[in-house]
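Novice: Protein chains in written order, with this note's numbering: chain A, 337 to 598; chain B, 337 to 598; chain C, 403 to 682; chain D, 403 to 682.
No wet-lab data here; the hints were simulated from the structure. You may find that some hints are simply not true.
[Claimed, not checked] Derived SDA-like pairs (lysine to any residue); straight-line CA-CA distance at most 20 Å:
id, chain 1, residue 1, chain 2, residue 2
1, B, 537, D, 659
2, A, 420, B, 410
3, D, 651, A, 337
4, D, 651, C, 569
5, C, 577, C, 651
6, D, 479, B, 415
7, C, 676, A, 470
8, A, 561, C, 456
9, B, 577, D, 455
10, A, 575, C, 600
11, A, 561, C, 453
12, A, 442, A, 420
13, D, 577, C, 569
14, B, 415, A, 421
15, D, 449, D, 502
16, B, 537, D, 603
17, B, 575, D, 659
18, D, 427, B, 419
19, D, 479, B, 578
20, C, 427, A, 421
21, D, 682, C, 600
22, A, 344, B, 419
23, A, 537, C, 599
24, C, 604, D, 681
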Amino acid sequence: MPIQEKAKILDIRELAENHFKITLLSKYISTNATAGQFVNVRISEETSPLLRRPFSIYNSEPQKELIEILFDVVGEGTKMLSLKEVNEELDILGPLGTGFEIPTDKKMAILVGGGIGIAPLLFLARALKGKIPAVYVIIGARDKKHLIDKKEFDAAKCQVLTCTDDGSAGKKGLAPDFMLPILEESKSIDKETIIYACGPKPMLKACAEIAEQYKIPAQLSMEEKMACGIGACMGCVIKTKSGYQKVCEDGPVFKAEEIIWE
Amino acid sequence: MPIQEKAKILDIRELAENHFKITLLSKYISTNATAGQFVNVRISEETSPLLRRPFSIYNSEPQKELIEILFDVVGEGTKMLSLKEVNEELDILGPLGTGFEIPTDKKMAILVGGGIGIAPLLFLARALKGKIPAVYVIIGARDKKHLIDKKEFDAAKCQVLTCTDDGSAGKKGLAPDFMLPILEESKSIDKETIIYACGPKPMLKACAEIAEQYKIPAQLSMEEKMACGIGACMGCVIKTKSGYQKVCEDGPVFKAEEIIWE
Amino acid sequence: MAINLAGIEMKNPVMVASGTYGYGKEFADYTDLNKLGALVTKTVTLKAREGNPPPRICETPSGMLNTIGLQNPGIEKFLKEAIPFLKKLKIPVIINIAGETIEEFAELAKILEKEKVVKGIEVNVSCPNVKSGGMAFGCDPDLVSKITKSVKKAVSAPVIVKLTPNVTDITLIAKAAEAAGADAITAINTVLGMSFDLKTGKPKLSRGVGGLSGPAIRPIAVRCVWQIAQAVKIPVIGVGGIMTSDDAKEFFLAGAKAVQVGTANFVDTEAAVKVAAGLK
Amino acid sequence: MAINLAGIEMKNPVMVASGTYGYGKEFADYTDLNKLGALVTKTVTLKAREGNPPPRICETPSGMLNTIGLQNPGIEKFLKEAIPFLKKLKIPVIINIAGETIEEFAELAKILEKEKVVKGIEVNVSCPNVKSGGMAFGCDPDLVSKITKSVKKAVSAPVIVKLTPNVTDITLIAKAAEAAGADAITAINTVLGMSFDLKTGKPKLSRGVGGLSGPAIRPIAVRCVWQIAQAVKIPVIGVGGIMTSDDAKEFFLAGAKAVQVGTANFVDTEAAVKVAAGLK
Ligand SMILES: Cc1cc2nc3c(=O)[nH]c(=O)nc-3n(C[C@H](O)[C@H](O)[C@H](O)COP(=O)(O)OP(=O)(O)OC[C@H]3O[C@@H](n4cnc5c(N)ncnc54)[C@H](O)[C@@H]3O)c2cc1C
Ligand SMILES: Cc1cc2nc3c(=O)[nH]c(=O)nc-3n(C[C@H](O)[C@H](O)[C@H](O)COP(=O)(O)OP(=O)(O)OC[C@H]3O[C@@H](n4cnc5c(N)ncnc54)[C@H](O)[C@@H]3O)c2cc1C
Ligand SMILES: Cc1cc2nc3c(=O)[nH]c(=O)nc-3n(C[C@H](O)[C@H](O)[C@H](O)COP(=O)(O)O)c2cc1C
Ligand SMILES: Cc1cc2nc3c(=O)[nH]c(=O)nc-3n(C[C@H](O)[C@H](O)[C@H](O)COP(=O)(O)O)c2cc1C
Ligand code: FES
Ligand code: FES
Numbered sequence: 337m338p339i340q341e342k343a344k345i346l347d348i349r350e351l352a353e354n355h356f357k358i359t360l361l362s363k364y365i366s367t368n369a370t371a372g373q374f375v376n377v378r379i380s381e382e383t384s385p386l387l388r389r390p391f392s393i394y395n396s397e398p399q400k401e402l403i404e405i406l407f408d409v410v411g412e413g414t415k416m417l418s419l420k421e422v423n424e425e426l427d428i429l430g431p432l433g434t435g436f437e438i439p440t441d442k443k444m445a446i447l448v449g450g451g452i453g454i455a456p457l458l459f460l461a462r463a464l465k466g467k468i469p470a471v472y473v474i475i476g477a478r479d480k481k482h483l484i485d486k487k488e489f490d491a492a493k494c495q496v497l498t499c500t501d502d503g504s505a506g507k508k509g510l511a512p513d514f515m516l517p518i519l520e521e522s523k524s525i526d527k528e529t530i531i532y533a534c535g536p537k538p539m540l541k542a543c544a545e546i547a548e549q550y551k552i553p554a555q556l557s558m559e560e561k562m563a564c565g566i567g568a569c570m571g572c573v574i575k576t577k578s579g580y581q582k583v584c585e586d587g588p589v590f591k592a593e594e595i596i597w598e
Numbered sequence: 337m338p339i340q341e342k343a344k345i346l347d348i349r350e351l352a353e354n355h356f357k358i359t360l361l362s363k364y365i366s367t368n369a370t371a372g373q374f375v376n377v378r379i380s381e382e383t384s385p386l387l388r389r390p391f392s393i394y395n396s397e398p399q400k401e402l403i404e405i406l407f408d409v410v411g412e413g414t415k416m417l418s419l420k421e422v423n424e425e426l427d428i429l430g431p432l433g434t435g436f437e438i439p440t441d442k443k444m445a446i447l448v449g450g451g452i453g454i455a456p457l458l459f460l461a462r463a464l465k466g467k468i469p470a471v472y473v474i475i476g477a478r479d480k481k482h483l484i485d486k487k488e489f490d491a492a493k494c495q496v497l498t499c500t501d502d503g504s505a506g507k508k509g510l511a512p513d514f515m516l517p518i519l520e521e522s523k524s525i526d527k528e529t530i531i532y533a534c535g536p537k538p539m540l541k542a543c544a545e546i547a548e549q550y551k552i553p554a555q556l557s558m559e560e561k562m563a564c565g566i567g568a569c570m571g572c573v574i575k576t577k578s579g580y581q582k583v584c585e586d587g588p589v590f591k592a593e594e595i596i597w598e
Numbered sequence: 403m404a405i406n407l408a409g410i411e412m413k414n415p416v417m418v419a420s421g422t423y424g425y426g427k428e429f430a431d432y433t434d435l436n437k438l439g440a441l442v443t444k445t446v447t448l449k450a451r452e453g454n455p456p457p458r459i460c461e462t463p464s465g466m467l468n469t470i471g472l473q474n475p476g477i478e479k480f481l482k483e484a485i486p487f488l489k490k491l492k493i494p495v496i497i498n499i500a501g502e503t504i505e506e507f508a509e510l511a512k513i514l515e516k517e518k519v520v521k522g523i524e525v526n527v528s529c530p531n532v533k534s535g536g537m538a539f540g541c542d543p544d545l546v547s548k549i550t551k552s553v554k555k556a557v558s559a560p561v562i563v564k565l566t567p568n569v570t571d572i573t574l575i576a577k578a579a580e581a582a583g584a585d586a587i588t589a590i591n592t593v594l595g596m597s598f599d600l601k602t603g604k605p606k607l608s609r610g611v612g613g614l615s616g617p618a619i620r621p622i623a624v625r626c627v628w629q630i631a632q633a634v635k636i637p638v639i640g641v642g643g644i645m646t647s648d649d650a651k652e653f654f655l656a657g658a659k660a661v662q663v664g665t666a667n668f669v670d671t672e673a674a675v676k677v678a679a680g681l682k
Numbered sequence: 403m404a405i406n407l408a409g410i411e412m413k414n415p416v417m418v419a420s421g422t423y424g425y426g427k428e429f430a431d432y433t434d435l436n437k438l439g440a441l442v443t444k445t446v447t448l449k450a451r452e453g454n455p456p457p458r459i460c461e462t463p464s465g466m467l468n469t470i471g472l473q474n475p476g477i478e479k480f481l482k483e484a485i486p487f488l489k490k491l492k493i494p495v496i497i498n499i500a501g502e503t504i505e506e507f508a509e510l511a512k513i514l515e516k517e518k519v520v521k522g523i524e525v526n527v528s529c530p531n532v533k534s535g536g537m538a539f540g541c542d543p544d545l546v547s548k549i550t551k552s553v554k555k556a557v558s559a560p561v562i563v564k565l566t567p568n569v570t571d572i573t574l575i576a577k578a579a580e581a582a583g584a585d586a587i588t589a590i591n592t593v594l595g596m597s598f599d600l601k602t603g604k605p606k607l608s609r610g611v612g613g614l615s616g617p618a619i620r621p622i623a624v625r626c627v628w629q630i631a632q633a634v635k636i637p638v639i640g641v642g643g644i645m646t647s648d649d650a651k652e653f654f655l656a657g658a659k660a661v662q663v664g665t666a667n668f669v670d671t672e673a674a675v676k677v678a679a680g681l682k
């Protein structure tokens, strides 16, 4: 059951240009969140920006009673969020949505994160520990400046591969392209592998296609503009094989084969 | 000629509950402002609050290139203004409007300030030095908590009288009431005296009535809701004997006998 | 604060606006629904509607646009899925209905007449009139009159007609509803608006235009309520941009007997309950 | 960025909106007027109008209401007081006029026909129509047609008709203006709104209702422009809530050929010039 609460900002820092991490004190959410869920954050008491902004839970530490979100400054709301200060309180709703499913019968997981899409994957990587033996993480970005630090994934004992569109850091190419060698090499291109992905729509679609081609399950974290975040407004739907589904409630994580791409 | 500029906040402090003073670096405005003029302050880059907020220039020190404004937190705009920090920049327009006239043939001036209406009167008191020998200041407020510090007026060599509606500090009564004893005592109830007033409308009206009764000139600083502050929108008019006049351009200071009270 | 609104007894004059609160259940985790004056459910239609394609919403200065397209499971499924939960509530439940034809309105009303939990029917005449080429029913006093009459004939519960502000003279529509027997009027539904995405060069909403709601439209809603309150004798329910109890008070000053809180529920799950508490 | 708008040559497609820039002089201290595409003056009427009593303005979420009431010195004084300054400008000057009767519009146009500095006439049909009981001319396609025709007959300069959004179907009005010979359309004037002061219990504006402007109405303005641009062939000038060049671009995507900046001038004296610069 999600709640609405005021969470104190324990830390806020700029990890790279326009790229921030906020640490929030939230006993309830850190205890109850699962990987892939998100929080809906009220930016301002003013009427503009009006609506809450959704952010994946990047990290959740129940012992320390904290959660973390990772975000890029892309518009007015994220800009204002980046100006918040330690000890201020953020009005948040969470944990929201349906997160990643973690099957017990897999030997390998490939996590693919494009840009800020990496956000829910660290939480996932940690959750996979002890459940899926081999966890590969592919971190993609436009260029070096936008590439997200892989340290935390290394610490989570993942095998990390980084790539950029322009080759300015890591390998040159798009993140989904680097799934193929892993799949081929491991020779377990079958029911023992699972793909998790989060990032821009074209990247998700590419992952879905590869998953279909190799007949392996894939779970994708989708995005759509949201108003309520709690399933009441019907604002955030995407087209699926079972009709319009709400990203905030039925997702954000969907099975790849469910999604109807435009 | 007024200008629009970004002025650095040199100091901001809460003088009393909900009562703030901001010191701004502005060479141009400090050099060009006269007592009774105001600045129009942009509160936020957001669209809400949208319009600028007008504040009298409380103090102007050309040598130090600074101006000061004094304000009460009454709504959203002043609340946000009170949260600004040193070194931030404020987008201001000024110096605006027509300030107090200082005649050369007067022996006595009575300054009457009700509540935050005291704001333009310190600047005026300083400007009167050397021009009008006897300057009395009556500072009124609802109660002790709202009474404004008289120190600065003492320093400006004024004779200061404080009063509150409930008698919790200074004399008990309304500010205009205390004009009469001064007028009587000084026995110069004639062309040698001038009244300056700023405050709530009923107080200004009372001052105007006393001025009329004693046949002495009075200059009142009026308030009306403003949009542009520069005479373009016709939003800020008050009714005068010469038709609707703009508070932002023809005022804020008007001759008492000009005003038509509802 | 208790009021009797056209026969509906409410503990306080604050309801939630149709379409912003789902069927109530969605908010039950966050707030005590029984603290509301009444609950208005999302528009239900005769047949299921899948709604419009995404993107369905976008933010605008102090407001938002939506083009949900009345997505709902249709009246039959609604009765099965929503009514059991609604029955458990201790507050009056008002069902908001819309038809694509005048007949559909009457049919919906007849079906709901059998449900005891229904304490009022809110008639959403802001949906496009399929027969007359897409213009909303609510823009035409004659159609509003016909719809009101047919719904009145079908149900014994009070009938509230919800008006669109997208008309030249809203008092004409309000008077038509009153003359046709409406027990109350809700004003306003969303204001027709549009926004473009500079990156794609296309409208931000899939259908181009959408309905503007939120604080941005409050002055328009207050104006409509004021105009209507002077033109009719039946009670007016004010809605549009209410975020706080102070905002609600503006509507009461304008002549509203009750208010609805819509978009604010998205910003604060307790918004409606807080508005009610703030009126005490 | 240079455009020819219905015969008016402009360096860029950004003008200032009538009533928000005085007669130009008021902003000359702050910005270089010659950087604008064109200047539109505050509405001038035949006889002097003292305007409405204060309070005339109030702030609303992301917007403002005004009830200035077309305060102006009348055409005669206007010619003496405003024209000499306007003559010195290097940009086209468009004069916005309003009459209380159809005849007054024509009379104003005839007087302005003699002034060389006048590069266009913007016809404000949003003011209340005294003869037909206070409803704005702009709500009635017939009246808009008659006014447009009579102004067209009187002047050789391009005639721009400025429409009110407070109508059921703005395309009907736009088509009427086009058919009557209008050279361009400006959309929109302010949206009818109202706000109450909780302290006094009275409306915040002296006249009760007023005109809503600013970012809050941008989605409404963009929608109107889009609707009109699809309904007529003459160019549409978009206005309503433009604060930045990005906002202006929304209007161009909606089909506008030029834009006007209004309320933003109050927030930033250089707003209009910045919008123009940002379009390059
Ligand atoms: C389930 C979910 C999880 C997300 N997780 C993250 C995350 O962990 N880190 C991160 O940086 N971003 C994340 N996003 C995207 C993030 O919500 C947007 O970047 C943010 O809302 C932009 O707000 P803004 O005011 O800065 O931008 P603006 O573009 O000014 O926002 C205008 C409006 O568009 C909406 N909007 C803009 N971009 C998006 C988007 N991509 N998805 C949904 N709505 C959007 C905003 O909510 C707002 O209503 C997530 C989105 C969703 C739906
Ligand atoms: C010439 C002039 C000089 C002023 N000098 C001072 C001063 O030195 N110190 C000070 O504290 N206040 C002064 N005021 C009043 C001050 O402008 C308002 O208190 C302030 O605008 C309130 O803004 P808000 O957003 O906090 O209040 P809100 O009530 O939320 O404001 C809503 C709207 O009302 C307007 N408004 C509210 N109160 C007033 C008012 N009294 N006069 C004009 N507009 C108002 C605001 O500008 C805004 O547009 C002056 C006003 C004028 C006209
Ligand atoms: C996302 C959304 C969905 C809506 N759905 C409906 C609906 O189904 N039926 C209806 O009558 N009104 C609907 N409305 C209109 C609201 O009930 C209300 O009239 C309008 O939003 C103005 O109020 P607000 O500004 O408080 O939101 C909807 C509004 C929004 C924002
Ligand atoms: C204070 C004020 C005065 C106005 N006066 C006039 C006017 O005299 N004539 C006119 O045609 N429009 C007038 N308008 C309407 C504007 O020209 C413009 O159409 C409207 O404000 C929407 O644009 P905006 O949101 O950019 O302000 C006025 C608007 C404001 C805010
Ligand atoms: S955001 Fe409201 S239903 Fe998903
Ligand atoms: S505030 Fe615009 S004319 Fe005075």
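Novice: Work down the list of hints and note, for each, if the structure agrees.
Specialist: Each hint tested on the structure:
1. At roughly 48 Å between alpha-carbon atoms, residue 537 of chain B and residue 659 of chain D are farther apart than 20 Å, so this suggested pair is violated.
2. A distance of roughly 24 Å separates the Cα atoms of residue 420 of chain A and residue 410 of chain B; the hinted pair therefore is violated under the 20 Å criterion.
3. With a CA separation close to 43 Å, the supplied pair residue 651 of chain D and residue 337 of chain A exceeds the 20 Å bound.
4. Between residue 651 of chain D and residue 569 of chain C the CA atoms are separated by roughly 28 Å; this puts the pair beyond 20 Å, and the hint is violated.
5. Taking the CA atoms of residue 577 of chain C and residue 651 of chain C, the gap is about 24 Å. The hint is violated against a cut of 20 Å.
6. Distance hint between residue 479 of chain D and residue 415 of chain B is unfulfilled; the C-alpha atoms sit about 43 Å from each other, more than 20 Å.
7. Restraint check: the Cα-Cα separation between residue 676 of chain C and residue 470 of chain A comes to about 50 Å, which exceeds 20 Å; the hinted pair is violated.
8. For the proposed pair residue 561 of chain A and residue 456 of chain C, the alpha carbon gap of about 9 Å is at most 20 Å, so the pair holds.
9. With a C-alpha separation of about 14 Å, the suggested pairing of residue 577 of chain B with residue 455 of chain D holds against the 20 Å cut-off.
10. For the proposed pair residue 575 of chain A and residue 600 of chain C, the alpha carbon gap of about 24 Å is over 20 Å, so the pair is violated.
11. Restraint check for residue 561 of chain A and residue 453 of chain C: the C-alpha separation of about 16 Å stays at or below 20 Å, so the hint holds.
12. For the proposed pair residue 442 of chain A and residue 420 of chain A, the alpha carbon gap of about 41 Å is over 20 Å, so the pair is violated.
13. For a cut-off of 20 Å, the pair hint linking residue 577 of chain D to residue 569 of chain C stands: about 18 Å separates their Cα positions.
14. Distance hint between residue 415 of chain B and residue 421 of chain A is fulfilled; the C-alpha atoms sit about 18 Å from each other, no more than 20 Å.
15. With a CA separation close to 10 Å, the supplied pair residue 449 of chain D and residue 502 of chain D stays within the 20 Å bound.
16. Simply put, residue 537 of chain B and residue 603 of chain D have alpha-carbon atoms about 18 Å apart, close enough for the 20 Å limit, and the pair holds.
17. In summary, the hint linking residue 575 of chain B to residue 659 of chain D is not supported, as the alpha carbons are separated by about 41 Å, beyond the 20 Å threshold.
18. Distance check on the hinted pair: residue 427 of chain D and residue 419 of chain B sit about 35 Å apart at the alpha-carbon level, beyond 20 Å; violated.
19. For the suggested pair residue 479 of chain D and residue 578 of chain B, the alpha carbons sit about 16 Å apart, so the restraint of at most 20 Å is met.
20. Between residue 427 of chain C and residue 421 of chain A the CA atoms are separated by roughly 35 Å; this puts the pair beyond 20 Å, and the hint is violated.
21. About 15 Å separates the Cα atoms of residue 682 of chain D and residue 600 of chain C, which keeps this hinted pair within 20 Å; it holds.
22. Among the hinted pairs, residue 344 of chain A with residue 419 of chain B is consistent with the structure: their alpha-carbon atoms are about 19 Å apart, no more than 20 Å.
23. Among the hinted pairs, residue 537 of chain A with residue 599 of chain C is consistent with the structure: their alpha-carbon atoms are about 17 Å apart, no more than 20 Å.
24. Proposed proximity of residue 604 of chain C and residue 681 of chain D is supported: the alpha carbons are some 18 Å apart, at most 20 Å.
Violated hints, in rising order: 1, 2, 3, 4, 5, 6, 7, 10, 12, 17, 18, 20; the structure is consistent with all others.
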